[in-house]
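This is what each chain is made of:
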Amino acid sequence: MYTFSNRLRIGSFILMALGILGIGIGFVNAPGTVEEAKAIVAAAHDDGHGGAHGEDTTHAMTEEQGAAAAHGEGHDAAHDEHVLHQLQNRPWAAVYVAAFFFFMIALGVLAFYAVQRAAQAGWSPLLFRVMEGITAYLVPGGIIVFVILVLSVMHMNHMFTWMDADVVAHDELLQNKSGYLNPVFFLIRAALFLGGWIFYRQYSRKLSLAQDESDDNSNFKKNFRWSAGFLVFYLVTESMMSWDWIMSVDPHWFSTLFGWYVFASMFVSGITVIAMITIYLKSKGYLPDVNDSHIHDLAKFMFAISIFWTYLWFGQFMLIWYANIPEEVTYFVTRIEDYKLPFFGMLAMNFIFPLLLLMNSDYKRVNWFVVMTGIVILCGHYLDVFNMIMPATVGDQWYIGLPEIGSILFFSGLFIFIVFRELTLAPLQPKRNPFIEESRQFHY
Amino acid sequence: MASTVIHAYYDDDDVLMHAVKKVKAAKHHIEEVYCPFPVHGLDKAMGLAPTRIAITSFMYGCLGLTVAIVMMNYIMIADWPQDIGGKPSFSYMENMPAFVPIMFEMTVFFAAHLMVITFYLRSRLWPFKKSENPDPKTTDDQFVMEIEVHDNEAELKELLLDTGAVELNIIKNSH
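First to last, the sequence lines map onto chains A and B. Note that full-length UniProt numbering has the first sequence beginning at 1, numbered continuously upward. Note that full-length UniProt numbering has the second sequence beginning at 1, numbered continuously upward.
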């Protein structure tokens with residue numbers, strides 16, 4: 001049995017406390033009126049925060065001046081209102097990005113877990129309890145994301161423009177989409193997705209624990225069938241979830257492989273977290289039967305799915321770049337103009353870094369190498385979610401400051417607390433899994 | 001120089017593995033082992049050095065990527081930068097996404113083919129090559145271990161029979 005070390009527990013509380021502080025400051029500093037928003041933009045412009053952000057605000061200002069000259073006072077006021085909404089969105093979007101990022105890790109691990117069960121993999125049963133521990137975050141993490149969505153529907157923020165009846169009234173495109181994108185149906189779908197995922201997670205965990213105590217394999221077989229069924233459900237709902245929760249922040253834009261793209265991101269982050277927590281537990285002596293080969297396999301998955309993610313990223317980017325249809329290409333134009341460093345930086349972190357570091361077979365067995373690459377991959381995929389949400393919600397007013405870092409700290413603390421508390425609840429090695437002996441002897 | 005080798009026949013890969021370990025422990029040099037199929041762990045038991053073919057493949061891949069980049073930069077950007085459907089052919093980077101499919105395929109092409117050719121060269125395989133098999137049975141169901149004999153024939157024979165060899169052949173003037 002695993003015992004939650006006191007240092008880790010206190011560490012997670014400190015992370016949560018610091019995170020709440022950062023998030024709180026973010027909300028307090030968000031402007032309430034157009035005048036405050038103007039002051040913030042002017043201050044950022046004068047200080048010239050340096051780097052890309054400084055240039056971004058300059059760009060915004062010149063655009064504003066040009067537009068004001070052309071269209072007069074009316075447009076100027078509309079622009080100020082727009083900037084106010086962006087600045088008000090910033091703490092919300094920061095919380096949403098971090099909440100979704102950690103939720104998607106748990107969901108990616110759940111998908112990986114179901115794949116391992118449905119494929120009857122012989123190497124991984126030794127890691128099932130670690131995966132079950134991580135997926136425990138699905139419940140609180142999913143509820144938090146749902147609450148943020150409900151608050152958005154209640155007009156606490158402007159992250160989803162299609163939720164604003166006034167905007168829809170003047171936008172024929174959104175009117176045509178309102179059969180799908182309407183607040184009630186949106187929340188019903190979200191509840192359905194979360195309900196299905198959480199149900200599978202809890203039921204599979206129950207069967208997994210029951211299998212330890214039983215004297216036949218009926219629980220194992222049941223778990224196999226539920227896992228196969230879950231994968232079908234997951235594929236459909238994950239895709240729809242990515243349209244709902246992420247793509248709909250840009251309601252004028254659409255992309256067909258977006259669901260796969262989000263899936264690859266969550267899958268690789270999930271596998272990376274499995275590898276990192278396994279290495280941590282092993283270093284503390286809790287997983288004596290996990291050997292180099294298990295780590296090697298996880299690292300292979302990190303390597304391969306990183307490349308898969310890049311394939312989808314490029315597949316989406318290149319098709320839109322090549323055809324250059326205005327209604328689609330604005331998505332990347334805003335990202336390349338205002339988010340140059342995070343947009344291309346994440347490509348280096350999510351592709352070039354793991355490609356070169358995890359290609360060598362020997363390196364995949366070196367624990368600190370896997371952990372180091374894992375940290376880069378996780379930061380890269382945080383940036384990936386950041387790049388998907390931020391341009392539509394805060395536009396060129398982005399900055400990785402207190403609200404963003406505070407949200408990461410808060411949710412990482414919560415994640416660590418929930419996951420490691422769950423790990424204490426059951427023995428870390430399943431007892432009666434039919435494949436456990438094969439997994440113990442696994443050697444590559 | 002005329003040399004004498006002994007061919008020990010085995011009919012099971014498990015017995016063969018034990019035999020290899022025993023012969024190694026007795027400090028005899030194993031010239032070669034002929035198997036009808038890959039036996040897991042045989043290379044380790046024989047103490048063969050790990051292959052470096054993956055490293056060559058990586059280098060060939062880098063070469064292929066370079067060829068692709070240099071070729072397309074010359075053709076599309078340097079030599080005749082035409083406007084084809086509005087694609088920006090002012091610099092390589094500006095038009096790079098369009099080149100990526102070719103860069104990728106050339107990398108894979110070079111890595112795969114040159115690695116295979118390297119494998120053929122290093123393992124001396126080509127059409128019309130004369131088979132080096134000591135006995136057709138080694139391609140079906142028998143394993144043969146080849147050990148050089150240096151005035152220790154009797155001792156070697158005893159050791160090999162002890163390891164479960166089903167047949168021993170002394171070959172004079174092999175090679």
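Keep in mind the hints are simulated off the structure, nothing from the lab. Keep in mind the model is a prediction, meaning the values are calculated, not measured. Here a beta-carbon is modelled for each residue, glycine too, at the ideal position from N, C-alpha and C. It is possible that part of the hints are untrue.
Claimed, not checked - Short derived list, chain B residues pointing at chain A, Cβ under 10 angstroms:
id: 1; residue: Phe58
id: 2; residue: Val100
id: 3; residue: Lys130
id: 4; residue: Pro134
id: 5; residue: Ala154
Said to hold, decoys possible - Ranges of calculated distance between the beta carbons of each label pair, as one might list FRET restraints:
id: 6; chain 1: B; residue 1: Ile75; chain 2: A; residue 2: Val34; range: 38 to 46 angstroms
id: 7; chain 1: B; residue 1: Arg52; chain 2: A; residue 2: Ser293; range: 15 to 23 angstroms
id: 8; chain 1: A; residue 1: Tyr280; chain 2: B; residue 2: Pro136; range: 22 to 30 angstroms
id: 9; chain 1: B; residue 1: Phe119; chain 2: A; residue 2: Arg440; range: 53 to 61 angstroms
id: 10; chain 1: A; residue 1: His82; chain 2: B; residue 2: Tyr92; range: 18 to 26 angstroms
id: 11; chain 1: B; residue 1: Asn173; chain 2: A; residue 2: Pro434; range: 38 to 46 angstroms
So which of those numbered hints doesn't the model satisfy?
3, 4, 5, 6, 8, 9, 10 and 11
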